[in-house]
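K.L.:
Sequence:
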Amino acid sequence: MTTANDTPTVRTEETDGIFVITIDRPKARNAIDGATARALAAAVDHLESRDDLLVGILTGVGGVFSAGMDLKAFAAGDKPIVEGRGFAGITRARIKTPLIAAVEGYALGGGTEMALACDMIVAARNATFGQTEVHYGIVPPEGGMVRLPERIPHNIALELLLTGEPLPAERAERLGLVNHLTEPGQALQRALELATSIAHNAPLAVAAIKRVVNERRAFSDEDAFVEQDRIVAPVMASHDAQEGAHAFAERRSPHWQGR
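Take the sequence shown: its letters are residues 0 to 258, numbered as in numbering that gives the first Met the number 0.
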């Protein structure tokens with residue numbers, strides 16, 4: 000199913016509370032130009048605007064996640080940066096909805112940074128990550144230097160950033176960067192299964208968990224608990240919290256209302 004938000008380079012599909020965003024530039028290995036960055040930003044905005052969309056998935060067509068920046072477009076003055084949102088309209092955006100990257104093939108440069116901007120990564124065994132910028136005299140400023148050392152051991156991240164060497168998916172999974180490995184061609188299906196598991200849960204609780212976990216690094220332990228309690232208090236007092244307890248006691252499935 001396509002939606003009115005589709006563009007020539009970005010397709011979207013929604014089903015059972017899950018919103019799939021697909022980069023569709025196979026001839027360019029799903030590299031990101033300005034129009035694609037703006038379309039991705041619009042797709043994420045649509046995800047965030049809908050209370051009934053509970054989880055997002057970002058993927059690419061043609062067995063490739065994304066080769067990163069479209070260098071030909073960039074050389075012509077077309078920058079894939081959205082003001083306030085970063086590369087591809089997502090690397091610096093504050094996204095409240097859980098977002099899963101479904102990675103097949105190459106996710107290089109900005110492609111890795113897009114995957115790092117997601118909360119979880121599902122990757123096919125033939126996927127390859129890599130911050131190759133150092134080979135070209137530049138650095139990965141859209142999350143590579145900030146997020147990679149938070150997701151894998153610091154010394155390994157530093158080695159990958161300084162050498163620009165690729166990171167195969169199987170090693171990425173052993174290092175903890177990848178949540179689930181699949182056979183080639185199955186990453187999106189596994190991401191949908193993971194998204195379904197999340198979407199079955201109470202939306203207020205899911206949103207609060209993501210917010211606390213992602214914002215925890217900005218606080219000391221003492222301050223983190225204060226901020227956590229502020230975020231969590233409305234969840235504990237919500238209708239859904241009561242519904243969860245009643246459903247357990249009555250041995251039935253809960254009916255979440257997001258309030």
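Honestly, the hints are just simulated from the structure, not real lab data. Here the structure is a predicted model, which is why all the values come from computation and not from measurement. Mixed in with the good hints there might be a few duds.
[Said to hold, decoys possible] With a straight-line cut-off of 27 Å between C-alpha atoms, the simulated DSSO-like cross-links for lysine-lysine are:
{"#": "1", "residue 1": "Lys-95", "residue 2": "Lys-26"}
{"#": "2", "residue 1": "Lys-209", "residue 2": "Lys-95"}
{"#": "3", "residue 1": "Lys-26", "residue 2": "Lys-78"}
{"#": "4", "residue 1": "Lys-95", "residue 2": "Lys-78"}
K.L.:
A separate judgement is required for each hint: does it hold in the structure or not?
P.N.:
Hints and how they fare:
no., hint, in the structure
1, Lys-95 <-> Lys-26, "32 Å, violated"
2, Lys-209 <-> Lys-95, "7 Å, holds"
3, Lys-26 <-> Lys-78, "19 Å, holds"
4, Lys-95 <-> Lys-78, "25 Å, holds"
The structure fails to meet hint 1 from the earlier list, while all remaining hints are met.
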